[in-house]
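K.L.:
Residues in the sequence shown are numbered from 0 upward in steps of one, following numbering that gives the first Met the number 0.
Quick caveat, the hints were computed from the structure, so don't treat them as lab data.
Heads up, a few of these hints could be off.
Straight line, CA to CA, 20 angstroms or less: simulated PhoX-like cross-link-like pairs of lysine-lysine [claimed, not checked]:
| hint | residue 1 | residue 2 |
| --- | --- | --- |
| 1 | K92 | K103 |
| 2 | K92 | K5 |
| 3 | K116 | K60 |
| 4 | K116 | K103 |
DEER-style ranges, computed between Cβ atoms [unchecked claim]:
| hint | residue 1 | residue 2 | range |
| --- | --- | --- | --- |
| 5 | F115 | L54 | 30 to 40 angstroms |
| 6 | N37 | T113 | 36 to 46 angstroms |
| 7 | E29 | Q102 | 20 to 30 angstroms |
| 8 | D112 | S55 | 38 to 48 angstroms |
| 9 | V9 | E29 | 37 to 47 angstroms |
| 10 | E7 | T113 | 12 to 22 angstroms |
| 11 | R114 | F82 | 36 to 46 angstroms |
By construction, the Cβ of each residue, glycine as well, lies at the ideal position given by its N, Cα and C atoms.
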Amino acid sequence: MADSFKFELVSPEKLLLSETVDSVVVPGSEGEFTIMGNHAPFMTTLKPGIVTATLSGGQEKTLFVRGGFADINENGVTLLAEFAEPADSIEAKQMQAHLEEAQKRVEEAEDDDTRFKAQEYVSQLEYANSRLPG
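Hey, can you work out the whole structure from these sequences and the hints?
P.N.:
Below is the structure:
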């Protein structure tokens with residue numbers, strides 16, 4: 000049996016999840032990673048994507064996040080997201096609005112570096128959209 004730990008997902012509006020979990024899959028800026036009990040401490044930024052938390056009872060909760068960072072320490076894991084919602088509550092029109100906003104950044108980019116980063120963000124949103132339920 001895996002060592003469980005405290006997991007919290009917080010957005011500016013509210014605390015979305017505060018549970019004891021066995022593992023959490025997080026969309027880090029350098030790629031997705033899984034956190035399990037007794038993980039080494041570190042911090043990283045988040046890219047748009049799906050967070051999957053496996054609760055101690057085996058139930059899974061999935062949430063969509065956009066931006067923010069993850070803090071992994073001896074007390075557990077805290078994700079502070081710029082935007083977060085349960086994945087099953089994200090509507091197609093809401094995701095389309097996120098994509099349109101990101102595409103506008105690509106079109107308005109004034110240099111190649113900014114354009115590249117904006118296009119990468121669009122790609123991350125498209126990938127996250129493909130993983131949403133429904």
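K.L.:
Go through the numbered hints given earlier and state which of them the structure violates, listing their numbers in rising order.
P.N.:
Hints 2, 3, 9, 10, 11 are the ones this structure does not satisfy, whereas the remaining hints hold.
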